[in-house]
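J.: When you get a sec, could you build the whole thing from the sequences and use the hints?
Residue numbers (this note's numbering), protein chains in the order written: chain W, 1 to 379; chain B, 1 to 379.
There is no bait here: all hints are sound.
Note that identical chains are pooled: a pair holds if it fits in a single copy or bridges any two copies.
Cut-off 30 angstroms, straight-line C-alpha distance, at most; resulting in silico cross-link-like pairs (DSS-like, lysine-lysine): (1) Lys220 with Lys154; (2) Lys179 with Lys154; (3) Lys179 with Lys110; (4) Lys18 with Lys355; (5) Lys179 with Lys355; (6) Lys190 with Lys154; (7) Lys94 with Lys355.
Just so you know, the hints here were simulated from the structure itself, not pulled from any lab data.
So you can see what is in the structure, the chains are spelled out below.
Protein chains: 2
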Amino acid sequence: MISGERFLAIYRITGSEKEAWAKAQDLCLEETVEFPEELVPPGMIREHVFGHIEEFTPYQNNQSYRVVISFAAETAAQELTQLLNVLFGNISLKPGFCLEHLKLPETLLKNFRGPRFGRDGLREWLGVPERPLLFTALKPMGLSAEELADLAYKLALGGIDIIKDDHGLTNQVFAPFAKRAALCAKAVEKANRETGQNCIYVANVTAPATEVLARARLAKEAGARGLMAAPALIGWDTLRQLADDDRLALPIFSHPAFLGSFVTSRENGIGHAALFGQITRLAGADATIYPNFGGRFSFSSAECAQIAQGTAVPMGHLKPIFPCPGGGMSLDRVPAMLESYGAEVIFLIGGGLFKAGPDIVQNCRYFRELAENWVKPQR
Amino acid sequence: MISGERFLAIYRITGSEKEAWAKAQDLCLEETVEFPEELVPPGMIREHVFGHIEEFTPYQNNQSYRVVISFAAETAAQELTQLLNVLFGNISLKPGFCLEHLKLPETLLKNFRGPRFGRDGLREWLGVPERPLLFTALKPMGLSAEELADLAYKLALGGIDIIKDDHGLTNQVFAPFAKRAALCAKAVEKANRETGQNCIYVANVTAPATEVLARARLAKEAGARGLMAAPALIGWDTLRQLADDDRLALPIFSHPAFLGSFVTSRENGIGHAALFGQITRLAGADATIYPNFGGRFSFSSAECAQIAQGTAVPMGHLKPIFPCPGGGMSLDRVPAMLESYGAEVIFLIGGGLFKAGPDIVQNCRYFRELAENWVKPQR
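T.: Set out below in C-alpha cells:
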C-alpha cells in the first residue's frame, strides 16, 4: 500500500535552533496525522505517514533554518488540493513557516499534466520564436464592450502579442462577459488581418464555480485564443481543470489577485518561486503574472528573479512557463527589465502604455520596437 | 446602468497619516479601474466605478488608520469571486492593508443565499436546542476505513454530536473516500440506534475541482449528514456551490487549512472576523472551524472573540453560524472555553479527546457531561 516514494518540501523555519527544530517536528505531524505522537503505536503510520526531517541547516543569521521534510507520496492522494494541504495546510495557521521549494518525484508528478503549451508552445501559438513577448490589458472597468473592443483593435494594430481583459472585468453590466469576449476577439482578428500579425485575445474567466468552464467555452467559441484566471479566487485545482480540458486546449495565464497574503510576510507563507513558479506550473498555467520590482507593488528584484527561476526549475515533465512581470510598469523601464529577464519573458504593461503618449497605436509600436531591437545584438 | 448603491469595506491601513491617505487613494483605483487616474475623463467611471474614501480615522497609536471605502455594487458583478477581488484582489499584493469588516447592502446580499442551516437550523438538525455542541475528528491518517469507522462508532456511542473526517483524509489508499464515507456513516447510524441520540458523520469533500460535488453526492447517499471543505483549497465559491446545492441540502463546515497566510501578519491580510466570520457566511458555511486560543496555534483570545462576533454580526438575511474553536484543545480547557464562548459554540476536540484517558467512549461521555452541566445554571 505504501510505495516508499517520498516527496520533499523545503521550508524556512524561523526561530532559534531549538525552536526551529521543535517547529520542524511539529510540522511533520501537523501536516499528516494531526495527532499526538505518543498515541501512535510503532508501525506503518509512524514510519511512513509521519513527515520526516531530512535536513536541518541554519541560514546565515542563525535565526532561521532551512528544513527539508519528506512526505510519503500517498499522503497527497494524487490530488493537487491534498498536495497543497500536506505542503501548507494547517501549518499556514502557525507563525514562522515559509514553504520555499518543492521536489516531487515522478510518482507524484505523473498525476499532473502541467502546462499544455509552456514557453515553447506559447511561442509557437503566437508565432514569435525569439523576442520577448508583449502583453497588455483592456481597461478601465466601466467602459462598454464596444469601447473595450475598439481599444483591443488599436492595441493589436500597434503590434501587441497578447491582449487580456483586465482581471477585474468579469460579468459586470458595463461590459457583460459574452458580449465583451465576442467583440474583443473579433476586433483582434480584424487587426490581425490588417497587420498580418498573430495577436491573441485572452478572456478573463475568473468566475463563480458554476461559470468558469462555461465562460471558457463561450470565449473559445467567440475566438479567444487564451484564458486568464486568478487561482486564489477560483481555486488552484479549478485552474488545473481549465488547463487540462482538451476541448479548450488554450494557453492559460495565471493572475495573482487575492494571492498576496502568501508573500507579504517574510517569515510566513509561501516563497515567491514556489508560489508563482512551481505551484502555478503544477496547476497547468503557461504563464504566471506577478507584480514586477520597481513598479507600484513591493516585490524586490531578488524576489522577481526567484520567480523567473521557479518558472523554469526542473520539475520532471512539467514544461517551463513564462514569467509575466507587470504592475505599474512603464515603457522606459523595458530596457532594465530586458537586462533582468532576458528574452524569455512576457512584458505586461497596462496603464503605462496609455501614459506614454496620446496615440495608443504609436505607443504600442514603440513598445514592440524596444522588444525587437533587443534580440538582434544577442544573435 | 448604475444603481448608485454602494457597499462598504473597512480596512486598517498602516502608515503615517500622509502615507495611509495615499494608500487609501491607491486602493480606490487598484481594486476597481487599475488605471492611471489622470487618464480617466470626468463622468460615470470617475464618479461611480472608482472606490471612494468615506471615512478616515486614526487608530490609537496614529500608526494605522481605519479607512472606510465604498464601491459601486455593480463592480462586484453579483459574484462572490469578483466581490472578493474588489475587496482584496491586487491590494493583497501590497503591504499595509488589512480588510477588517464588510457592510453589504441588500442589493448585493440578495445574490447570496448564505448559510442554509445557520445556528438554529443546525441545532434542529442535531436535535440539541441549547447546550454547546460537541465535535471531533477521525484520525490519524493511515488508519483503514474499517478502523476509522470503528472509531466513529465509539465516538458516537460516547455522545459526540458531530464526527468529521480529519481534514487531511481525502482519497488516500489507506482509506479511500467512498469506502470510508460508507463505513463511517453506517457506524454512526448504528451507534445512534443504540444510544437513541442523533450524532452526524461529516465527510471531508476537499477534493479536486472535478470531484467535489461527486464526493458530496456520494457521501450523502452513503448517509453522511454534513460536509466539510477547506475554501482556501477548493475555492470560496466552490464552498458556496456545495452550500447552495438543493440536492445536497446538508450542513457545511468550513475548514481553515491553507488559509493561515491571510491572518499571520498583523498589518496585512484579512481580519479574523471578516475572514472566518463574514466571508465564510457569505460562502454559505453553517459552521466555521478555526484554531482556538491557548492551543497549539497562535490565535489570541481577542482574535477568537472577534471570530465569534463575525459569525453573528448582522448581515441582512444571512443567518448567524457556529464558531468551532479547535486545534490542540483538551478537555480540561472546556470550562474556560465555556466562559469565553457561552453555549453558542461547537467545541472541536481531536487529539485531546484521545489523550484524556485510555477509554475513548468514557472520554466522550465526560466531554458531553461538561457541556451538559454548564447549561443548567444559566436557565
